[in-house]
Amino acid sequence: MRPSSALLVGIVKLLVGAYARWIGSTPAATQRIYFANHTSHIDTLAIWSALPRSLRRMTRPVAALDYWGKGLRRYIATRALGAVLIDRSKQDPNVDPLEPLRVALRDGDSLIIFPEGTRGAGATPAPFRQGIYKLASEFPAVELIPVYLDNLHRSFPKGAHFPVPMVCTVRFGAPLARPAESRDEFLARAREAVIALSSQGASP
Amino acid sequence: MSAWLQTIPREFFWLFGSLVALLGIASTVGAWLRRRPADEKTAASRANLVARINAWWVMVAILAVAFLAGSTMTLVLFGLASFFALREFVTLTPSSPGDRLPLSLSFFLVLPLQYLLIGMHRYGLFVIFIPVYAFLLLPSIAAMRSDIEDFLSRSAKAQWGLMVTVYSLSHAPALLLLELPGGPGASALLLFYLLLVVQMSDVMQYVFGKLFGRTKIAPVVSPSKTVEGFIGGGIAATLIGAAMWWITPFTPLASGAIAAVIVLMGFLGGLTLSAVKRSLGAKDWGVMIEGHGGMLDRTDSICFAAPIFFHVVRFFYI
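Respectively, the protein sequence lines represent chains R and E. Here the first sequence is numbered in the working numbering, starting from 1 and rising by one per residue. Here the second sequence is numbered in the working numbering, starting from 1001 and rising by one per residue.
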């Protein structure tokens, strides 16, 4: 592991613990899309730190270019985490923002995504955007693992400038079945899978 | 190097050698037991046994660090324990956006300063720093955010967290700054004595409670505590404390009396922090060690015993 990533994992574990709870799935080297609720800037790092070291190497977080694209953040995102940066601005209608994700999936990497598209304020995630549906339909062999992050909306909420140390668990659920229904029904089912984890294996 | 080695009292090697040997045997038995088939209840109590043996290894490791790596490393170790305990406390305590700054200051300014003051042997400041300065200034910072919703309750909880997890716990390594006739080695042995009696008291109360426990002391607060367990275990731990008088400046009688004080305070710590924890709606303080609760579940007795032990020694023996 690169020293910069080891340092990052150490800091994240000290601040928020990021204790992994595998509820319905096990840490395995299968190609996966981990999809989680999104409330703070630590979310990506927390999931990534909760994965065993061997899986981190093949798992790439997806991060927004507008926040993670410059300065120290860019260094952390691309050098330490190997993140895939996606452009949310949609300035050029011909460029599909999902394209870098497809490239990574074709390369055999696993991804960490936040289907809400942006950070929410509470314990329950906002409705999911369609990106996860597209990827799930285009890559049927990739496992979809729901992930629930607790307490991070209190530790480092939107608008805060620094995190307050709090214990966070990262709960990995059972793989989600492939989309067989309409897009919106699938998105609702994926979101329910994340919410269902919020009441299991809780932090005290 | 050899001069430094000579500052280590001979008692240390005796203690350390015999403890490591005993624990080695205990861990081997524990590992063998866990491999044997068992029903769920037996498996759970075997896992509990192994957890307790592991807690002993941690204690022996602290003893080794206190002697071999010196007081700075001991302070760093206890500082980390305080950090994790405070983190658990803050996780369970409701807070509002106005508390973010004072809470962060508790973690990143107050906590390190408290341990730094001990490291600098500033007794006069370390005993009042949190009860006076942090107590007055942290709520003032929160007040500037003019959020009055539950203000008193939020400030009180934040101060309680600091007092228990940082202030009280820091009195254990603060034993190292006491200047006893036997030199630094003697105060390190006192730290070990404290941990030994607290730990023995927990183990013995558990054993006596399992064997003879009938009358629950406070069923709602702490279902596992029984009168029989407390009296039997407390007497056993007091006798063990008395028998360890030779590593302390105490006479055998005084050592028994002081051990009894440690036992009582440790018991009260477990009981009181359990009440706090349950009032916050939780069964365990944390999830640091899967299945064994958090840092505060392991240090609740020390938090209450350490300050009293520290002041008893300072009052009567310095």
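Because the hints were derived from the structure by calculation, they are not lab data. Treat the numbers as computed from the prediction; the structure is a model and nothing was measured. Check the hints yourself; a few may be wrong.
Label pairs and their calculated CB-CB ranges [as the list claims (entries may be wrong)]: (1) Leu1136/E <-> Gln91/R: 33 to 41 Å; (2) Thr78/R <-> Leu1136/E: 39 to 47 Å; (3) Arg189/R <-> Leu1022/E: 49 to 57 Å; (4) Gly1183/E <-> Thr30/R: 42 to 50 Å; (5) Val1220/E <-> Ala174/R: 32 to 40 Å; (6) Arg183/R <-> Pro1131/E: 54 to 62 Å; (7) Gly1183/E <-> Leu7/R: 35 to 43 Å.
Some chain E residues judged to face chain R by a derived CB distance under 10 Å, without partners named [claimed, not checked]: (8) Phe1083; (9) Phe1107; (10) Glu1149.
Ideal Cβ placement from N, Cα and C applies to all residues, glycine included.
A quick look at each hint next to the structure:
| no. | hint | in the structure |
| --- | --- | --- |
| 1 | Leu1136/E <-> Gln91/R: 33 to 41 Å | violated (53 Å) |
| 2 | Thr78/R <-> Leu1136/E: 39 to 47 Å | holds (46 Å) |
| 3 | Arg189/R <-> Leu1022/E: 49 to 57 Å | holds (56 Å) |
| 4 | Gly1183/E <-> Thr30/R: 42 to 50 Å | violated (60 Å) |
| 5 | Val1220/E <-> Ala174/R: 32 to 40 Å | holds (37 Å) |
| 6 | Arg183/R <-> Pro1131/E: 54 to 62 Å | holds (60 Å) |
| 7 | Gly1183/E <-> Leu7/R: 35 to 43 Å | holds (39 Å) |
| 8 | Phe1083 | holds (7 Å) |
| 9 | Phe1107 | holds (5 Å) |
| 10 | Glu1149 | violated (16 Å) |
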